[in-house]
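Heads up: the protein sequence lines correspond to chains A and B, in order.
The opening residue of the first sequence carries number 322 in our numbering; numbering runs sequentially from there.
The opening residue of the second sequence carries number 573 in our numbering; numbering runs sequentially from there.
Be careful, since some hints might not be right.
Unchecked claim - Label pairs and their calculated CB-CB ranges:
1) 455(A) - 670(B): 43 to 51 Å
2) 661(B) - 506(A): 41 to 49 Å
3) 462(A) - 665(B): 42 to 50 Å
4) 507(A) - 666(B): 48 to 56 Å
5) 475(A) - 666(B): 26 to 34 Å
6) 432(A) - 661(B): 46 to 54 Å
7) 665(B) - 485(A): 17 to 25 Å
Source of the hints: derived by calculation from the structure; they are not laboratory data.
Please read all numbers here as calculations on a predicted model, not as lab measurements.
By construction, the Cβ of each residue, glycine as well, lies at the ideal position given by its N, Cα and C atoms.
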Amino acid sequence: MLVEILFWVFASILIVSAVAMILVHNPVHAALLLVLCFFSSASIWLLIEAEFLAVVLILVYVGAVMVLFLFVVMMLDINIEELRARMTRYALIGGLVAGIVVFQIVSVVYTRAIGVDVEQGAAGKPADYSNTAELGQKLYTEYVYSFELAAVLLLIAIVAAISLTMRKRANLKQQDIAAQVAVRREDRVRIVKVDAERPAAPAAPSGDKAP
Amino acid sequence: MIQLNWLLTLSGVLFAVSVAGMFINRKNLILLLMCVELLLLAVNFNFVAFSRYLDDIHGQIFVFFVLTVAAAESAIGLAILVVLFRERRSINVEDLSTLKG
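With the rest of the complex left out, here is chain A (with noise of 0.2 Å):
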C-alpha cells in the first residue's frame, strides 16, 4: 500500500513539474524544475526496482547535463522579455496536439492490444537480488560492442563540443606547424657574393712589445 502512495505521489510531483516546467519564463527555473522531474524520475524507478538506471539518471542527467544547462543559461545574457513575447499564441495548438497525445497512448494501453496483462504487477525481486550486477553481466557480455561503440560515441561528443566552442586567442604564443613546414630557403636565408682578397696588411710593427 506505501508504494503505490509513494507512486502517486512522486508521480504527481513529476507532471506538476513538468507542467511547471513547460509554463515558467525564467530558464533557470525551468532548468531547476527540470531537475526535479529527474528526481522523481529515479524515485519512481527505484519504487520498480530500476535502482542501477535511477542512479544512473541523478548522476547523469542532474550531476552533468543539468549542470551543463545551467552552466550555458547563467553564461549567455539572453533577452527573456523578448523570448516570451507572442509566446501564447501557440498554447492552443500546444495543448491541443498534447491531449492528442494522450488520448492516443492511454486508448492502446487500455485496450490490451498489446499483448501484456497491463493490470498485473510485477513480482518482487528476492533480497539478495543485485540489479547492477544483472545489468553489468549482460552490458559486458553481449552489448559489449555497443558499450564501446556508446564510449566512443562519448568521445566525439568531447572532441565535438571542445573544438565548437575553442576559440582563437590573438596573443597567444603558439607553434604554427604548417607555417614552420611550408618555410622556403628564400625566406630565411641569403647568400652574399663577397669577393676574395687578402685582408690589409697590418699596420707597420711598431718594434716595442708589450711587456
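Please build the complex by placing chain B on the supplied structure of chain A, with the hints as guidance.
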C-alpha cells in the same frame, strides 16, 4: 503493487506535456533542448516499465544507451548554442533563417 498501465499512462502524459512545451516555448532554443530531454525521459519510462513487468533486462540496457546518446546530444547541442549566441547575440529560433527553409 504498481500496475503497468499506471506507468504507461504516466509516461504518455509526460510525453504529451513535453510536446506541448515544444509548441509553447518554440522561440527559446534552450527550453526546446530541455523539452527534448523530457521527451527522452518519457520514452525511457516505457522501456523501464516493460523491462520490469516482462522480467527482461534488455530494456534497461537500452535505456542505458539512450541515456548515453542523450548526454552526447545535449553536450553538442549546447556547444552549438554557445557558438550561435556568439555569432548572433540571440538564441531566438526565428532568427535562424539563413538557409531560407
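Quiz item: Does 41 to 49 Å hold as the CB distance between residue 661(B) and residue 506(A), or does it fail?
Solution: holds, 47 Å
Quiz item: Is 42 to 50 Å a correct range for the gap between the Cβ atoms of residue 462(A) and residue 665(B)?
Solution: holds, 44 Å
Quiz item: Range hint 26 to 34 Å: satisfied by the CB atoms of residue 475(A) and residue 666(B)?
Solution: For residue 475(A) and residue 666(B) the Cβ distance comes to about 33 Å; the hint holds.
Quiz item: residue 665(B) and residue 485(A), beta-carbon distance inside 17 to 25 Å?
Solution: Taking Cβ atoms as reference, residue 665(B) and residue 485(A) lie about 19 Å apart, which means the hint holds.
Quiz item: So does residue 432(A) sit 46 to 54 Å from residue 661(B), Cβ to Cβ?
Solution: holds, 51 Å
Practice problem: Take the C-beta atom of residue 507(A) and the C-beta atom of residue 666(B), compute their distance, and say whether it sits inside 48 to 56 Å. | Solution: Hint holds: Cβ distance 54 Å, inside 48 to 56 Å.
Quiz item: For the pair residue 455(A) and residue 670(B), does the Cβ-Cβ distance stay inside 43 to 51 Å?
Solution: holds, 49 Å
The structure shown violates none of the earlier numbered hints.
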